[in-house]
Structure formats: structure tokens, C-alpha cells
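J.: Going line by line, the protein sequences match chains A and B.
Numbering follows numbering that gives the first Met the number 0, in which position 70 of the first sequence is assigned residue number 69; successive positions increment by one, without gaps.
Numbering follows numbering that gives the first Met the number 0, in which position 65 of the second sequence is assigned residue number 64; successive positions increment by one, without gaps.
Keep in mind that the hints were calculated from the coordinates and are not lab data.
It is possible that part of the hints are untrue.
[Stated by the list, open to error] Computed Cβ-Cβ distance ranges for the label pairs, DEER-style:
1) A:P168 <-> B:D133: 51 to 59 Å
2) B:A75 <-> A:R223: 23 to 31 Å
3) B:D45 <-> A:T291: 37 to 45 Å
4) B:R38 <-> A:A169: 38 to 46 Å
5) B:D133 <-> A:D187: 29 to 37 Å
6) B:N44 <-> A:L296: 44 to 52 Å
7) A:E290 <-> B:E95: 26 to 34 Å
We put the CB at the ideal spot given by N, CA and C, even for glycine.
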Amino acid sequence: MALDLWQIRRQKRMTIDELARRAEIHPGLIKAYELGERAISDSDLERLADALDVDPSDIKQLSEPPPRGPSRPSQPPAYDSGAGQQQRYDSFGGYDRGTGYTPRYSNYSQRSGGYGSDQPRQGGYSNDPNRQSGYAPRRSGDYQQRPPSRGRGDRPPKKSGPRKPRPLPAPARPSQIEHLKTLLVRLDMSGDELLRLAGKPLSMLNRKEAAVLLTTCQTMLAERKPEKPKGKRQRPYLPESVDEHELLYLTKVQLENRPLDLTLFNGETMRGTLVGFSPYALTLSDEEGQETTVQKLAIAYYQAPASVAASANGVEESEPA
Amino acid sequence: MSTGDYVRYLRAVKGGPTPLDIQEATGIKSGLYRQLEQRYRQIGNDEDLTKLAEYFGVPAEDLIERAPWTRKALSAALVEAREAQRPIRITLRNGESIVGDVKWSDLGAALIVSTDGREIVVQRHFVDRWTVED
Chain A
0 MALDLWQIRR
10 QKRMTIDELA
20 RRAEIHPGLI
30 KAYELGERAI
40 SDSDLERLAD
50 ALDVDPSDIK
60 QLSEPPPRGP
70 SRPSQPPAYD
80 SGAGQQQRYD
90 SFGGYDRGTG
100 YTPRYSNYSQ
110 RSGGYGSDQP
120 RQGGYSNDPN
130 RQSGYAPRRS
140 GDYQQRPPSR
150 GRGDRPPKKS
160 GPRKPRPLPA
170 PARPSQIEHL
180 KTLLVRLDMS
190 GDELLRLAGK
200 PLSMLNRKEA
210 AVLLTTCQTM
220 LAERKPEKPK
230 GKRQRPYLPE
240 SVDEHELLYL
250 TKVQLENRPL
260 DLTLFNGETM
270 RGTLVGFSPY
280 ALTLSDEEGQ
290 ETTVQKLAIA
300 YYQAPASVAA
310 SANGVEESEP
320 A
Chain B
0 MSTGDYVRYL
10 RAVKGGPTPL
20 DIQEATGIKS
30 GLYRQLEQRY
40 RQIGNDEDLT
50 KLAEYFGVPA
60 EDLIERAPWT
70 RKALSAALVE
80 AREAQRPIRI
90 TLRNGESIVG
100 DVKWSDLGAA
110 LIVSTDGREI
120 VVQRHFVDRW
130 TVED
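Chain A on its own, in the form it takes in the complex (with noise of 0.2 Å):
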């Protein structure tokens, strides 16, 4: 008849560990057979038959988990949040105390209180219940035991009594109220509205009543500014960023096919229609078709014919004497 593969382990008298040495499997595997948590696979079925010296037949696939044991704490530890499974499989096994191998579970399995122990369990990796550091919970009157550590040790005790009271805030900077000052004549604001607003005079005011009155100003100042048209671009007040204009007025006059006089830097003159430009230079065709390019950096002005240039802007002019 087929056991559970803890029961034939413990009639071998085996630990968890010696049998996951023998058979080669994780110690974690053999544990999570043994509480039933899976079924033992076939290869690793076969294993553990040879490791136990027993049949295969004679191991049951998925186990039963191990009953609970007498010496149960009445009280799992509350740190540990597997203590009540781990208790009942300690308290029966007591599981691998002193093989020397140290699975990652070594604190489950070195713990006190397991199989055999009268100790109650304290917890942790620590057997001695006198111990006061590490994993070993508290005990009540533990804290008055325990010495000073070094790192607050140096620190006078807090002293009990009433606590001190907070310094006064710090009056408002003079340059909050210069700038209080500054922003109230802007919202054109009386002295009763402003002790309305502040609830107090400006003089008495503190560092942060100061700084919640200047944002209440700004806000308002900017609430009175007018609404930007939308749509428009809007361009800078002087002129420095429109390049436009000169550009309308040449793409006008080359299209009305029209002579243009340029005065260059040196002095000398030029005439011929436009028949190209640039944002720095202009290109001219003379009488005789032939085409000169001119850098405007050469140029000191250039003019329409009078008759020419009050046609361009639709001005019906003569030209003057």
C-alpha cells in the first residue's frame, strides 16, 4: 500500500535534507511534496524510491500533509505570516536541526519548538529566549533592558512637559510691501478696500500674509487685463521681426514690370527693371537685357519713378516738377 512520502521518510529515519542530497532534489521540491502542495512527478518519483530504497509503487504521488504535533505554541508569532504551516510541519518532523546544510529555508528548519522541544517557539533564527536583537520578538519589559544603542544613545532624553511655543511669524520684507505697494496703486485701490482685502493695514502684516496678499493682487491685475484677439499674430512692438514689407513692395513693382533707381553706397546710380530678389540682393535687367545682381548691403536706396511709384500704390499722381 502506498504511503506519503513523508511517512516512509520518517520510517527511514531521514531528514529533508539527507533525502534531497540522496535523491538530488531541492529541498523545497521534497518539502512542497511532502505538505501535498504537488504531485511527485515520475522522474522524480523514481528518485526518491532509490534514495528511500523502496518501490515507487510504494510512494503515494500526492501526499498528505503531516498532522499537527503536541507542542504546538498556542500563539504563532505575529511577524511571520507562514508560521501556522510551518508550526504544524516542525511540530511534527523537527525538521533538519544540525545537518549542517543550509537551504534557503534555514530559519524554518532550525527553529526551536519543533519535534521533540519543550522550548516554546520564540520566533526567528535564535533558540535562546534571553536574546534581545536579531529576529526574536519582544518581549513586554524588553524595552526597558535594553541598552542605549549607539547611534541616538549620545541624545538627551526627550523632556515631558508643554511643549515650546512656536516663535511669532516674521514680518512681511520690505520689498513684499513695496511690491504690495506697487501692485495696489496698478489695481487702483482704496484704503478701505485694501483693509477689506488684507484685514489689516499693510505695516502689520507678516512675511506670509504678505506673500498670500501679493498673489491675490497679481491674480486680480491679471484678471483685469483684456483679452488678446485671437486669430492675429501678434508682432512685437517695433518692427524688428517684420521682413515682409520690402518684399510686398518689390514682388509689386516686378510685377508691374517697372524700372527701379538704386543709389548705391559708393555713390553711383543704377536703373533696369526688377526681374528677381532676395532678402539680400536684388537682380536688374538694363535696356540692353543685361542682369546684374546687387547686394543690398551695396544699396543706399533705391526709388520708383514718381509716376511709377504712385501707380505701384494706387495713388493717381503726377510727377512733381
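Based on these hints, arrange chain B on the given structure of chain A.
T.: Chain B alone, transformed into the frame defined by chain A:
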């Protein structure tokens, strides 16, 4: 002609040394020459301008006196004349004067309608001095 336009002209006359060449030859602060040519406001102090004048072989006053006549100041005068509908007197580098109303002005030029009705597009780099008349 602002100081920037003038030194650009002088540089061209001198054969086109680079701003770095000028900076190394005069010992002025790095980047100052480039700013002088490219920015529209007043750049550099009298000492720097004197060094540059020596380098270009012109009287120091030529540069120093131009310093406040910046392109930005010309823009302000052109806008003022146009908005106030007042004539502006522009003195060009060749000594010629044009008096008239500002029809438009932009980055490189301004259209002045002279008192005799001519429309003259003046290149701003050729303007030496100006006055908005009453």
C-alpha cells in the same frame, strides 16, 4: 549707420577678416564683436570701441559717437513718426537728407514718402542720424 553696420562695412573694406581674427588682434572679449554686428542694441564700452577703431584705422570718435544710434533706436523713431503721423528727417551716410512720412519700415528698409512725393526705400544700414520732426 549704427556701430554694428559701420564695423561690418569697415570689415568688408579691410578685406573681410573674421570676427575671431578681430577678436585676437584687438584683445576684446570673446563674442563681443559678433554681438556688435548682429545685435540691435548698444554693445561694448568706449575702451572696446577704441581698440576696434585702432584696428580699422578710423578715429575712435567715429565708433563711440555712433554707439547710441542703434538700429533699435531707429526702429523706435520710425514707429513713433508713423504712429504720430509726423515727418522724419533722415540723414544718410553720404550727407544727403530725406524728409518725409514713414509709410512702412521693416528689418532692412523703410519707405519714406518725401515731401516732393517720391517714394524712397532707404536701406537702414545707410542711415546715419534721424530726427522726428514736429
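J.: Now tell me if each hint is right for this structure.
T.: Against the structure, the hints come out as follows:
| no. | hint | result |
| --- | --- | --- |
| 1 | A:P168 <-> B:D133: 51 to 59 Å | 57 Å, holds |
| 2 | B:A75 <-> A:R223: 23 to 31 Å | 28 Å, holds |
| 3 | B:D45 <-> A:T291: 37 to 45 Å | 41 Å, holds |
| 4 | B:R38 <-> A:A169: 38 to 46 Å | 43 Å, holds |
| 5 | B:D133 <-> A:D187: 29 to 37 Å | 34 Å, holds |
| 6 | B:N44 <-> A:L296: 44 to 52 Å | 27 Å, violated |
| 7 | A:E290 <-> B:E95: 26 to 34 Å | 28 Å, holds |
When each numbered hint is compared with the structure, a violation occurs for hint 6 only.
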